[in-house]
Amino acid sequence: MVWLLGQRVGHFLAVLFLSSLVLTLFLWASPGSPGKPRVDIDFSTATVGEPACFDRSTCGTLASMPEGVPSTVAIDVGGERVVREARFAREPGPGFVQWFFVGFWGGLFQGDVGESTAFLEPALTVVARGAPYTVGLVFAALIVSVLLALILTAVLTWLPFPSLRGAIRSVLLIVSITPVFILGYMLQTQGVLPFEMNATVLAACVAILFLGDGNLAEILLGLEDEVRKLRSRDYIHAANLRGASLWVHMLPGLLLPVTSISAAKVAFLLGSVVIAERLFRVPGLGEASLEAAKEGDVLLLLTLTVFITGLVALVALVRDVAEIAIDPRLRRGREDGG
Amino acid sequence: MTAEVADGAILTARDVWVGVEVGGALKPIVQGGRLTVPRGGILGLVGESGSGKTQFVRNIMGLSSLEPGLMSGSAVYALGDQPPLDVLENIDAYSPFRPPTGDELIPQRQRIGWGWPLWRRRFRKRLAALRELGVGFIFQNPTGALNPYLRVGQQLGEAVAVARPNANKAEIREGALHWLSEVHLKSSDATLALYPHELSGGMAQRVMIALALAAEPKFLVADEPTTGLDSHIRREIVGLLHRILREGELSGIVISHDLPMIARLCDRLAVMFRGKVVEEGPIAALGDPESPNHPYTRELKERAEDLAKGRHSMRREAGESPDATGAVAAAGCVYRSRCLVHKVGMVDRTKCATEGPSLVEVADNHRVSCHVEEIDVLRDLALVSAEYRAGEIGD
Amino acid sequence: MSALGRFKDGAAADVLQTVLRWREYDYRLIFGSLTVLVLVVFRVWAIFLDVLTMEVYTGGSAGGRFTASVARVAPNCAQAPGYLLGTDQNARPLGLTLVEATEAFFEPALLSCAIALVLGTLLGAVAGYFRGGLLESGTKLLLTVVASYPRLILVIVAVGIFVASVDNPGGQLGLRLAMIATFLGLAYVPTLAFAIYQKVGAFQREQFVEAARAHGLSHTRILGYHILWANCLPVLARHFFYLFGYFILVETSLSFLGSHYGVPASTPSWGNLVTGCDLGSLWAPAFVAPAVCIVGSILGLTLLGDAIGERFERRRG
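Chains as they are written, first to last, in my numbering: chain A, 1 to 338; chain B, 1 to 395; chain C, 1 to 317.
Hints were generated in silico from the structure; no laboratory data involved. Among these hints, one or two may not hold up.
[Said to hold, decoys possible] Derived list of chain A stretches under chain B, where covered just means 3 residues or more per stretch with a C-beta under 8 Å from a C-beta of chain B:
(1) 229-239
(2) 262-270
[To be verified] Which residues of chain A face chain B? A partial, calculated answer using Cβ under 8 Å:
(3) R242
(4) G243
(5) G253
(6) I326
(7) D327
(8) P328
(9) R329
Beta carbons: idealized from backbone N, C-alpha and C, even for Gly.
Work out the full structure: start from the sequences and follow the hints.
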């Protein structure tokens with residue numbers, strides 16, 4: 001069992017590391033290499049002949065110090081002399097490996113990955129500030145949607161009229177498939193306005209999150225399916241016949257799909273939360289990512305994404321652990337020749 | 001309509017219709033099913049796969065997972081000192097389906113009465129009352145019938161606790177160990193600690209039998225108890241069941257397509273073919289060569305003989321796909337394409353083609369569903385069959 | 001009541017039964033097909049409008065696509081005589097603007113679907129067919145990694161990269177939409193790949209694969225034709241429609257968020273039409289019409305995907 005758990009934790013770490021690696025590679029490989037940090041040349045300490053760039057594609061060696069008004073600088077790019085305003089001159093920046101492992105991950109462990117150009121403060125501070133809001137909203141929405149789906153499943157199973165069941169399901173589907181932004185906008189026109197961060201606003205956020213973008217419909221569909229399969233299992237029938245308590249028998253069979261569905265939904269909700277935060281001006285991670293995207297602040301985007309994927313992978317790990325704990329077939333059983 | 005209760009019967013089922021909705025169309029699984037289990041006796045329900053035998057019994061015991069499942073009929077249990085209990089009381093008045101009348105072949109939809117949900121509630125209450133009286137079921141697939149998340153001890157202990165509500169933990173454990181030894185499993189804490197996936201097929205089957213017995217039932221149903229087991233384990237399980245059913249003075253039903261096992265365990269016989277009960281009678285109908293039989297029963301007997309002698313059964317006649325299973329909603333007798341009597345022309349073929357036969361009494365408490373006019377034809381089926389195969393009669 | 005009733009006899013019934021497996025009214029199939037029809041008609045109509053006003057397809061920032069080719073009708077956000085739905089926030093007839101707006105998502109959605117289908121099928125099929133090796137576990141790990149990015153976050157990262165890489169981020173709308181489409185397609189790859197992986201894996205275990213290999217058929221032929229083409233097309237069709245609907249959701253959400261993310265306010269999109277007008281009540285056409293378009297198209301496409309999946313996917317056992 002320890003080996004199994006260790007395997008799962010190893011998988012989690014691998015996913016966490018690889019997700020940041022893949023994204024960073026993408027950012028570095030994109031045209032213009034936006035992933036590479038830009039460092040302005042400090043001309044008080046610079047010397048002629050040291051490496052310098054004007055932008056990501058024009059790199060060479062510094063040929064002259066700033067002169068003239070406006071002050072211009074010359075850089076030797078492969079034998080050719082390029083002259084531009086001094087303010088565009090930059091240092092070439094670190095290599096990928098050095099930056100990714102030392103700069104980024106090293107910085108993460110030390111608590112400083114660099115400054116966010118969108119917020120003009122350390123990127124980690126932005127993440128730390130926004131995390132409680134986003135994590136709170138997402139988990140609140142998840143819990144509400146799972147509970148509501150369980151209640152609805154019970155109601156729909158009990159309801160003996162198939163046409164009524166179908167009608168309820170259709171209405172729920174239509175309401176749920178409405179995008180989050182339309183639901184939020186409708187709430188705003190009804191007076192729920194984001195002028196201050198109060199309980200109503202946060203509740204509105206949770207409401208549109210658990211309902212919209214198809215969230216509730218998908219959870220309900222998945223759960224209904226699982227419950228129907230569970231109720232038709234012979235061991236439930238057998239327990240019923242013996243007069244045994246059905247709850248004891250249905251609980252593990254229900255807990256597994258609930259954790260599985262929840263883990264899948266967390267990633268989905270983390271996407272929808274972006275819109276909810278923008279609508280109601282909640283200063284969370286989604287809002288921060290929108291700002292970062294607007295300004296092209298790639299470092300902050302990377303930090304945010306690593307945190308978010310880490311969260312998703314962590315939830316997946318919790319689900320894996322829960323599965324191992326509940327289902328004895330997943331653990332290494334004794335060899336039985338019987 | 002008051003339900004019929006046969007004399008001295010612990011279970012009387014009449015006119016039971018069970019169906020399932022597949023892609024918007026209604027498929028009948030059991031058509032007009034009929035069963036009589038005598039008190040203290042065991043009924044053997046025989047038929048090939050797809051004949052509806054499992055669904056028939058499961059539905060009248062409340063173990064069905066079909067939609068809509070039960071549609072009409074009556075199933076009266078007379079267990080213990082309680083007055084007879086018809087679990088399907090009044091179903092015809094509220095059910096979304098009514099049995100076919102006249103030229104109709106399948107049940108017809110009717111408006112769902114507003115009383116239907118109430119009927120369902122009452123149905124569940126009646127089933128709960130039935131369970132109080134002591135009813136057990138041994139499922140076909142042991143791995144499916146054991147909760148994979150709980151240990152054997154937990155599940156056995158639970159069954160013991162229900163039968164003896166005032167027992168303490170030690171007594172429950174004693175009880176669980178006792179039932180383990182009753183089914184010839186190692187009666188130890190190690191066995192109790194096993195999970196179902198750690199059991200072999202034979203062990204799982206025994207655990208399931210133990211679970212059924214631990215509830216101390218008066219009425220026990222065994223659904224294909226030996227399917228999928230090795231032959232030596234099969235012999236042991238049959239011996240175990242024989243001991244349990246005799247010693248415990250239980251009434252019950254054994255569902256199987258294994259004729260020798262049925263002959264050994266049961267007192268009465270019912271044969272089903274494609275959703276219909278075609279023969280109902282004493283167990284002697286199976287073994288006694290003088291006894292009249294439905295042609296299908298004859299076919300089953302011959303196949304069992306072939307199997308016992310190691311002869312590969314090639315008796316499938318042309319005109320019928322070997323994969324055809326399940327009930328059919330067709331006019332006339334469903335068996336006629338395979339029927340020996342029909343082939344040799346000893347019965348009015350137009351009747352077979354247009355009218356579904358009803359159960360006709362051919363001997364004392366022995367009914368067969370066939371249009372044949374002379375009962376002696378059914379008695380001499382072995383002879384007819386031999387002559388047919390020799391080419392002496394028939395087309 | 002079965003729709004088949006009227007066609008009970010004859011060839012039409014046979015065709016309906018075998019090809020479409022039509023037995024009863026399937027409202028999802030009807031509604032979904034209608035949705036697709038309407039979307040295609042709108043798109044063609046929008047292209048026609050562009051051509052009619054002599055707009056040239058340059059895909060660039062000035063002129064060409066993404067500038068509204070519908071004339072203004074004063075005032076804005078009001079009922080206008082002769083126009084059923086009134087006007088939008090840019091004083092154009094709302095009905096025609098709704099039609100125009102399909103250009104914001106139609107082709108990018110197709111791009112997104114193409115990327116997801118090609119990559120997803122490739123990765124899923126390879127992982128499902130060549131089991132038990134580094135290829136399978138490596139591919140599964142890669143897919144899990146990609147699946148741990150929330151899709152909308154990846155799209156926002158796409159916008160961020162776009163802004164950081166391109167000199168004039170406000171101008172190149174076509175490129176921005178293409179980037180969003182690409183990233184969304186990539187984000188959807190794990191879902192499709194896992195579906196194909198399961199299907200291919202189930203078939204690969206069948207004996208006919210061994211028999212085919214013994215007969216000398218190449219892996220490509222077995223996988224490409226016998227497994228994928230013969231059996232997995234409904235899966236692909238289903239996910240195609242799901243993704244198309246999802247793209248509409250993403251594009252309208254981004255356009256709603258503002259000009260920096262989706263299409264700018266001057267370009268018609270259902271997303272920015274929803275909030276364009278300051279309305280007294282929620283029942284005004286300026287809100288209801290685009291909202292209905294959005295919800296209706298996403299709903300129709302999702303239902304169509306469900307219906308196709310149920311009807312045509314072969315269930316085992």
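(request) List, from low to high, the hint numbers that the structure doesn't satisfy. (result) The structure conflicts with hint 2 only, although it agrees with all the remaining ones.
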